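Enquirer: When you get a sec, could you build the whole thing from the sequences and use the hints?
Taking this note's numbering, the leading residue of the sequence shown gets 51, the next gets one more, and so forth.
Hints in this document: simulated from the structure, not taken from any laboratory.
Everything hinted at is true.
Derived DSSO-like pairs: lysine-lysine, alpha-carbon spacing no greater than 27 Å straight-line:
| hint | residue 1 | residue 2 |
| --- | --- | --- |
| 1 | 326 | 273 |
| 2 | 154 | 124 |
| 3 | 303 | 315 |
What follows is a set of in silico ranges between Cβ atoms, one per label pair, in the way DEER data are often shown:
| hint | residue 1 | residue 2 | range |
| --- | --- | --- | --- |
| 4 | 220 | 176 | 39 to 45 Å |
| 5 | 175 | 261 | 45 to 51 Å |
| 6 | 273 | 168 | 42 to 48 Å |
Everything numeric in this text was worked out from a predicted model, so none of it was measured.
Every residue gets a Cβ at the ideal spot worked out from N, C-alpha and C, and that includes glycine.
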Amino acid sequence: MPASPSSTSVGKGDSGKVVGPRSAGSGGGVRQRKSAAPARSRPSAGGGASAGVWRFYTEDSPGLKMREKKIHYKDINGFITCSLCNGYLIDAATIPECLHTFCKTCIAAYLDNDEEDNTRCPKCDSVIDHVNPWRVLVFDRTLQSIAYKLVPHLYKEEIERQIAYYKERDLPYPPSLVEKLQEKRDEEEQQTIPANSDLHIYDDQVAICIDTKTKDIESFPRKFIICSSNATVTHLKKLLAKMIFQDPCQYRKIDIYLDDQILGKDHTMRFISLTKWRHKMPPICLTYDVSSI
Numbered sequence: 051m052p053a054s055p056s057s058t059s060v061g062k063g064d065s066g067k068v069v070g071p072r073s074a075g076s077g078g079g080v081r082q083r084k085s086a087a088p089a090r091s092r093p094s095a096g097g098g099a100s101a102g103v104w105r106f107y108t109e110d111s112p113g114l115k116m117r118e119k120k121i122h123y124k125d126i127n128g129f130i131t132c133s134l135c136n137g138y139l140i141d142a143a144t145i146p147e148c149l150h151t152f153c154k155t156c157i158a159a160y161l162d163n164d165e166e167d168n169t170r171c172p173k174c175d176s177v178i179d180h181v182n183p184w185r186v187l188v189f190d191r192t193l194q195s196i197a198y199k200l201v202p203h204l205y206k207e208e209i210e211r212q213i214a215y216y217k218e219r220d221l222p223y224p225p226s227l228v229e230k231l232q233e234k235r236d237e238e239e240q241q242t243i244p245a246n247s248d249l250h251i252y253d254d255q256v257a258i259c260i261d262t263k264t265k266d267i268e269s270f271p272r273k274f275i276i277c278s279s280n281a282t283v284t285h286l287k288k289l290l291a292k293m294i295f296q297d298p299c300q301y302r303k304i305d306i307y308l309d310d311q312i313l314g315k316d317h318t319m320r321f322i323s324l325t326k327w328r329h330k331m332p333p334i335c336l337t338y339d340v341s342s343i
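Expert: Right, here's the structure in full:
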């Protein structure tokens with residue numbers, strides 16, 4: 051495995067200065083897993099001599115000057131780290147029963163381990179599911195997005211580790227990985243953000259063509275949709291429910307298909323375009339059907 055790239059040190063300390071990216075003193079631990087997913091050597095959340103600090107500005111009442119509030123890494127570290135690998139969250143997956151979150155590959159290795167009682171949460175011992183623990187896991191993209199924003203360069207380094215994994219083993223990897231890495235580097239080199247400006251997220255856009263699966267349902271006049279690559283199948287189902295039933299809460303009555311296969315509710319448009327629609331031209335052609343329930 052390649053050595054872990056530089057990361058942000060997030061250990062204990064009382065420094066009041068803003069700390070930028072540092073080389074981790076203790077390094078990240080390498081996680082071993084049974085699946086074929088890339089093994090990662092990620093920044094550890096424990097180690098380092100000084101504490102990173104975020105500075106927020108709050109206004110208690112109109113007319114008063116903005117008051118600076120310092121928040122250390124150690125104060126929020128427990129919310130963006132995985133207790134199984136002691137590293138920052140990657141592909142965060144949450145157990146609904148107890149709302150504890152782990153890396154997807156970490157919880158996958160835990161659930162696939164037949165030697166341990168893998169029907170309980172590894173953190174609080176709550177019962178997950180005796181039949182199929184995978185069925186109840188929910189991918190927490192909001193928390194993952196927060197972790198990427200709070201930890202400098204975590205997203206870029208994760209892409210670099212995935213590329214290194216495929217390259218060392220001579221495995222084919224999606225060309226989009228290299229493109230996203232280059233775009234990220236170009237953005238960091240060219241973009242300058244004033245200190246008092248608002249920050250915005252610019253997601254990749256995906257073109258979708260969606261039509262009815264059967265002739266029993268009247269199709270929409272406009273079948274083409276442009277949406278964020280982070281949008282999930284559930285988001286698309288809620289949009290259809292809003293248009294069909296005028297109630298997005300009825301989205302469970304709708305099934306979305308790709309090549310006559312039902313898509314999972316947590317599949318993102320990015321995942322679908324890179325796997326099921328990888329060698330085809332856009333737009334992604336989907337169909338939908340309404341169940342009787």
